[in-house]
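K.L.:
Protein chains in written order, with the numbering used here: chain A, 1 to 237; chain B, 1 to 256.
You may find that some hints are simply not true.
As the list claims (entries may be wrong) - Pair by pair, the computed Cβ-Cβ distance ranges are:
1. A:GLU8 to B:ALA200: 24 to 30 Å
2. A:SER231 to B:ASP229: 19 to 25 Å
3. B:PRO119 to A:LYS91: 37 to 43 Å
4. A:GLY106 to B:ASP236: 21 to 27 Å
5. A:ASP47 to B:GLU192: 23 to 29 Å
6. B:VAL194 to A:LYS181: 31 to 37 Å
7. B:ASP100 to A:SER166: 33 to 39 Å
8. B:HIS75 to A:SER178: 54 to 60 Å
9. B:THR223 to A:GLY191: 36 to 42 Å
10. A:HIS217 to B:ASP193: 48 to 54 Å
11. A:TYR3 to B:ALA181: 53 to 59 Å
12. B:THR223 to A:SER45: 55 to 61 Å
These aren't lab readings, by the way, just hints derived from the structure by calculation. All residues carry an ideal CB built from backbone N, CA and C; glycine is no exception.
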Amino acid sequence: MSYESQAEEYRRHTEALRQATEARVRTFLGERSATFVIALTGDSSDDPLLRLRNEHLIEDFFSHLEEPAQYAVLTSGTRSGVSYIGTSIAKEFDMTTIGVRPASCGKYARSDPPDLLIETPDVIYGRTTFSAETPTFVNVADGAVVIGGSYGTLIETAVMMKINKSRHDAHIRDPHDSSLKKPIYICPIAGTDRVADLLVGMPLYEDLGDCFPTPRHSVETGMGAAAFITSKLPPLH
Amino acid sequence: MRQIMEGGIISPNTHLQAELEGLRRETEDRVRDFLTNNSLYYILALIGDSDSEGEVVVRNRGILEEFFDHLSDRHLYAVQTGGTEGGLPQYGLELAKEFDLPTIGVYPAASSKYALHEPHHTPADLVVETPDIIYGKTTFGSETPVFVNLLDAAVVLGGGYGTRTEASTILKVNKGRVRDARTIAKKQASGEDVDPAKIAGLRPPVYLCPIEGTGKTADELATSAPLEDVGDSMPDPAVRTGEEAAQFISSRLARS
Chain A
1 MSYESQAEEY RRHTEALRQA TEARVRTFLG ERSATFVIAL TGDSSDDPLL
51 RLRNEHLIED FFSHLEEPAQ YAVLTSGTRS GVSYIGTSIA KEFDMTTIGV
101 RPASCGKYAR SDPPDLLIET PDVIYGRTTF SAETPTFVNV ADGAVVIGGS
151 YGTLIETAVM MKINKSRHDA HIRDPHDSSL KKPIYICPIA GTDRVADLLV
201 GMPLYEDLGD CFPTPRHSVE TGMGAAAFIT SKLPPLH
Chain B
1 MRQIMEGGII SPNTHLQAEL EGLRRETEDR VRDFLTNNSL YYILALIGDS
51 DSEGEVVVRN RGILEEFFDH LSDRHLYAVQ TGGTEGGLPQ YGLELAKEFD
101 LPTIGVYPAA SSKYALHEPH HTPADLVVET PDIIYGKTTF GSETPVFVNL
151 LDAAVVLGGG YGTRTEASTI LKVNKGRVRD ARTIAKKQAS GEDVDPAKIA
201 GLRPPVYLCP IEGTGKTADE LATSAPLEDV GDSMPDPAVR TGEEAAQFIS
251 SRLARS
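Same shape as in the complex, but just chain A (with noise of 0.2 Å):
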C-alpha cells in the first residue's frame, strides 16, 4: 500500500473515531446532567505550599458554582499539580470529571481514573508527550480556569485563544448566526504566578471578544472565577 493510500486508511479510521468519542461524550454528559465542560489548567508541580494554595483556590471555586454538578471537570487525569487535586476535589464535590492524555502516557496517570477518560492516539513523528493530547482537550471544554502553569498551560490556553480568534471572526461576519459556537472562556486567577499572570497582563494582539473576565486581572479567588464561569456559562434551571 502506498503511503498515500495508508494515510488515507488511518485518517478514515480516525473519523470513525473522531464520531464516535464525540457521541460518546455528548452521551456521558447527558447521562450525568452535565451541561459544561471546565478545564482545569496549570501547575504541575507538587510542593506543598502550592498544593495548598491551589487546594484551596479550586475548592472556592467549586463551592460557588452554582449548580456545580452541571459542570463537568477536565483535566488531563495525572496524578500530579493541578490536574490531581482538580480532579480529586471534584469527585469530592460529586461532579464529572473527565481526563484527556496521550495513550502512550499512561504511566503518569493516577490509580483513580477520571468518570470518563479520553486517551488520544499518538503523533506521526516523533516521540508523543503531554501536550499531543491538546488540541483535543481544548476541544472538549467550554471554559477554562488557569492557575500558575508553565509551557503545557501556556500551549492549551494559546490554543484556546487561536480558537477564540477564529470564532470570534465567524460571530463578526455574522452576529445573528445561533449556531456558532462560543468561546472557551478562560478564566486567568490573578496572582496566581507564571502562565496565569501572563495571561493577565499580556498585550492581546487580536481582538478576542469577550472570553477573559474584564479586566483580565480581576479574578484573584475561586470565588470570582465562579461567578465569571458562571456568568459566562449559566446553569440550566
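We have chain A; now place chain B onto it with these hints.
P.N.:
For chain B alone, coordinates are given in the frame of chain A:
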C-alpha cells in the same frame, strides 16, 4: 472499525494503533530519505507573522535574506514552514528556494486546501500531512507536535497565537531534554552507572531564536525570562538581526 470504549475509557484500539505505528515509521523513513538524498543535516523552521503584504513582509524578507546569507554551511539545512498559502509560511519557503534550500511543509491533512499547490505556487519539496484530532474540528495548530518533533532549530519573527503555540511546544520539549541531560551528567559526575541507551537517547534542544523588534510573540520570547530551565536553547542577549540569528543557530548546531 471499533475503538475501545469500555467503562469510562475511550481509546484507540490495537488495530488503529498498529496502523498508526506503520504510518509513523513510514513518515520517519520518508523524512530520513529526504534528508539523506539531499545531504542535509538540519531542519530549521521559520515561524511567525501571517501578514501577506505590507511593511512587515518587506522587513521580514530583509531579515531572512540576511539570515540565509550569513548561515554557515547553509547547504546542510532544510527549511520548514507550514507550507501553506500566505504569510511567512509562503514567503519563507519561496525565499528558501531562492537560496536553493530544500523545503518541508507540515500542515493538517484537513487543511490541505490551503497548501501551496501548483500551478499557482511551488509546493514544499516534502510535505507531511498530519491526521485529524479525535474530538472537534481539526484546525491549524493540531499539527504542532509533529511540526516541532521534526526540528533542530527555529527562527521566530513576530507571530500571533499559532506562533506562541509552536514556540511554547518547543520550550516544553527543551525543558525535558535539558532536564534529561542534566540528570545524566549529574549521575555520571557522581560515578553512578547510567544506562547507555539513555545516553544514546539524549537529544540537544531545539534552538529557538526569536528576533527582537519584530513584535508580538518574538518580542515576548526575546524580552521575558523563560518559565523553566531551557539551558542555552535561546540567545542571551536577544538577537535583533538576521546576521545575529544566523550566528546563533550556526554556532549552536555546529556544537551539537
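K.L.:
Decide, hint by hint, whether the structure agrees.
P.N.:
Hints versus structure:
Between A:GLU8 and B:ALA200 the beta carbon distance is about 35 Å. The supplied range of 24 to 30 Å is therefore violated. Between A:SER231 and B:ASP229 the Cβ separation comes to about 39 Å, which falls outside the hinted range of 19 to 25 Å. A C-beta distance of roughly 58 Å is found between B:PRO119 and A:LYS91, which places it outside the suggested range of 37 to 43 Å. For the pair A:GLY106 and B:ASP236, the supplied restraint of 21 to 27 Å is violated, since their beta-carbon distance comes to about 37 Å.
A C-beta distance of roughly 26 Å is found between A:ASP47 and B:GLU192, which places it inside the suggested range of 23 to 29 Å. For B:VAL194 and A:LYS181, the Cβ-Cβ distance of about 50 Å falls outside the hinted range of 31 to 37 Å, so the restraint is violated. Range check, B:ASP100 to A:SER166: about 36 Å between beta-carbon atoms, so the 33 to 39 Å window is met. The hint said 54 to 60 Å for the Cβ distance between B:HIS75 and A:SER178, and at roughly 56 Å that hint holds.
Checked against the hint of 36 to 42 Å, the pair B:THR223 and A:GLY191 fails, with Cβ atoms roughly 22 Å apart. Hint check: A:HIS217 to B:ASP193, Cβ distance near 51 Å, so the stated range 48 to 54 Å holds. Taking the beta carbon of each, A:TYR3 and B:ALA181 are about 34 Å apart, not inside 53 to 59 Å as hinted. A beta carbon spacing of about 25 Å between B:THR223 and A:SER45 contradicts the range 55 to 61 Å that was offered as a hint.
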